[in-house]
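S.K.: For reference, the chains in residue letters:
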Amino acid sequence: MKILIVDDFSTMRRIVKNLLKDLGFTNTVEADDGRTALPLLEKGNIDFLVTDWNMPGMTGIDLLKAVRANPALANLPVLMVTAEAKREQIIMAAQAGVNGYVIKPFTAATLKEKIEKIFERIDS
Amino acid sequence: MTTKDLLGLSKDLVAALERGDEAVADVLLDELAGLRETQLFKEIGRLTRQLHDTMISFSVDAQITSLTETEIPDAKERLQYVITMTEQAADQTLTAVENLLPISQDLNDQSALLSGKWSRFLDREMPLEEFKAMTAEITQHFEQSKGGLEQMQLGLNDILMAQGFQDITGQIIRRVIDLVQELENSLVKLISIAGGRVGGGVAAVKHHELPGPVVPGVDDRSGDVAHNQVDVDDLLSSLGF
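Note that the protein sequences, when read in sequence, are chains W and A. So the first sequence is numbered by my numbering: it starts at 1 and just counts up by one. So the second sequence is numbered by my numbering: it starts at 1 and just counts up by one.
None of these hints come from the bench; they were simulated from the model. Every value quoted in this text rests on a predicted model; they were computed, and no experiment measured them. We put the beta carbon where it would ideally sit given N, CA and C, even for glycine. Just to be clear, a hint being listed does not mean it is correct.
As the list claims (entries may be wrong) - Take a look, some chain A residues computed to stay more than 10 Å from chain W by CB distance:
1. Asp12
2. Arg36
3. Leu100
4. Ile191
5. Pro213
6. Ala226
7. His227
8. Asp231
9. Leu236
What the hints assert, rightly or not - Computed cross-link-like contacts, DSS-like style, restricted to lysine-lysine with a CA-CA straight-line distance of at most 27 Å:
10. A:Lys189 to A:Lys76
11. A:Lys76 to W:Lys86
12. W:Lys112 to A:Lys146
13. W:Lys43 to W:Lys21
14. A:Lys146 to W:Lys17
15. W:Lys21 to A:Lys76
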């Protein structure tokens with residue numbers, strides 16, 4: 001299981017990376033915005049994407065749309081972890097095909113719960 | 001055009017009319033009318049410029065009014081929230097460290113004690129009764145280590161999560177910096193209108209397209225934001241998630 005973590009703040013990437021490690025996911029790669037993330041995704045072998053929304057260059061929502069528009073990536077599970085909390089934004093992300101939405105600041109338990117839920121749905 | 005010119009032309013005109021020299025009178029009349037028109041256009045031009053400048057200063061005024069009336073107080077609340085968040089993070093970290101240090105110290109002391117006893121046992125200097133006591137102590141030490149390390153794991157996770165403040169406060173501070181930039185630009189514009197001497201173009205202010213982190217009391221006034229994960233989950237489940 002290889003996971004790509006995308007956030008423009010390196011502290012947040014480290015937090016997510018460490019939480020994932022705690023959950024048993026040790027194989028992670030990082031990118032600081034959608035533009036650097038997309039080539040990594042297109043190269044293949046990423047199984048799960050955790051992304052922020054508000055990033056310079058290419059935002060998380062644009063990254064999500066690009067992922068869903070690419071037939072090779074269309075089914076990639078995507079979890080959004082973001083401070084964006086407007087209702088219309090959450091709806092927009094849902095419509096764009098996000099698999100989970102966590103708002104910052106979040107707890108380790110929340111992240112764990114959402115990730116487990118996503119994998120449960122994939123397995124079933 | 002001066003009054004003198006006008007007066008001169010007028011006198012010439014009267015003289016020509018008195019002489020009955022219509023040709024000269026016509027030329028002079030045209031000249032006078034021309035002068036009058038030029039004057040009128042100049043005046044209209046001046047008024048138009050003045051109006052334009054006034055309009056610009058009105059819009060700058062409105063900009064500054066909105067900045068001072070709403071955005072500056074908002075910025076103060078945002079910065080206040082940054083202080084609150086950094087304080088919480090520091091508290092959370094310090095609390096975890098204060099809880100973990102005695103656990104670590106206890107386990108360290110126990111290890112040192114048992115290690116000394118173990119050496120004596122290996123050197124065959126330990127009587128059987130003391131050995132029996134030591135095995136009980138070792139069993140106890142394992143149990144305590146397990147409990148202590150579990151607590152340390154939790155505490156370290158607390159410290160990890162506390163660092164999330166940097167992302168949120170960073171985003172908030174960036175917005176306040178942009179606001180200061182906007183205020184500066186408005187002031188520069190105002191000065192240039194008043195004195196007309198400040199050179200250089202006014203840099204465009206970068207406007208955030210995204211609302212960013214919700215600052216309590218500032219961004220949740222309109223009621224269209226999710227306050228916590230429960231709100232998000234409720235909204236998503238109402239959408240069939």
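S.K.: Does the structure keep W:Lys21 and A:Lys76 at a Cα separation of 27 Å or less?
M.R.: violated (38 Å)
S.K.: Between A:Lys189 and A:Lys76, is the straight-line Cα distance small enough, at 27 Å or below?
M.R.: Roughly 24 Å separates the two Cα atoms, so the pair holds.
S.K.: Is the hinted pair W:Lys112 and A:Lys146 satisfied, with a Cα-Cα distance of at most 27 Å?
M.R.: Given that 27 Å is the threshold and the Cα spacing comes to 23 Å, the pair holds.
S.K.: Given the hint that A:Lys146 pairs with W:Lys17, does the C-alpha gap stay at or below 27 Å?
M.R.: Holds, at roughly 25 Å.
S.K.: Are all beta-carbon distances from A:Ala226 to chain W longer than 10 Å?
M.R.: Violated: least Cβ distance 5 Å, not greater than 10 Å.
S.K.: So is A:Leu100 really clear of chain W, every C-beta pair being over 10 Å apart?
M.R.: Consistent with the label, A:Leu100 stays out of reach of chain W, its closest Cβ about 17 Å off (over 10 Å).
S.K.: Going by Cβ atoms, does A:Leu236 stay more than 10 Å from chain W at every point?
M.R.: violated (6 Å)
S.K.: W:Lys43 and W:Lys21: Cα distance at most 27 Å?
M.R.: Judged against 27 Å, a Cα distance of about 23 Å means the pair holds.
S.K.: Verify that the Cβ of A:Arg36 lies farther than 10 Å from every Cβ atom of chain W, and report whether the claim holds or is violated.
M.R.: About 61 Å separates A:Arg36 from the closest Cβ of chain W, which puts it past 10 Å; holds.
S.K.: Need the status of pair A:Lys76, W:Lys86: alpha-carbon distance at most 27 Å?
M.R.: Cα-Cα ~22 Å, so holds.
S.K.: Against chain W, does A:Pro213 keep a CB gap of more than 10 Å to every residue?
M.R.: violated (4 Å)
S.K.: Would you say A:His227 is clear of chain W, with no C-beta pair closer than or equal to 10 Å?
M.R.: Nearest chain W Cβ is 8 Å from A:His227, so the label is violated.
In the structure shown, a violation is registered for the earlier hints numbered 5, 6, 7, 8, 9 and 15, in ascending order.
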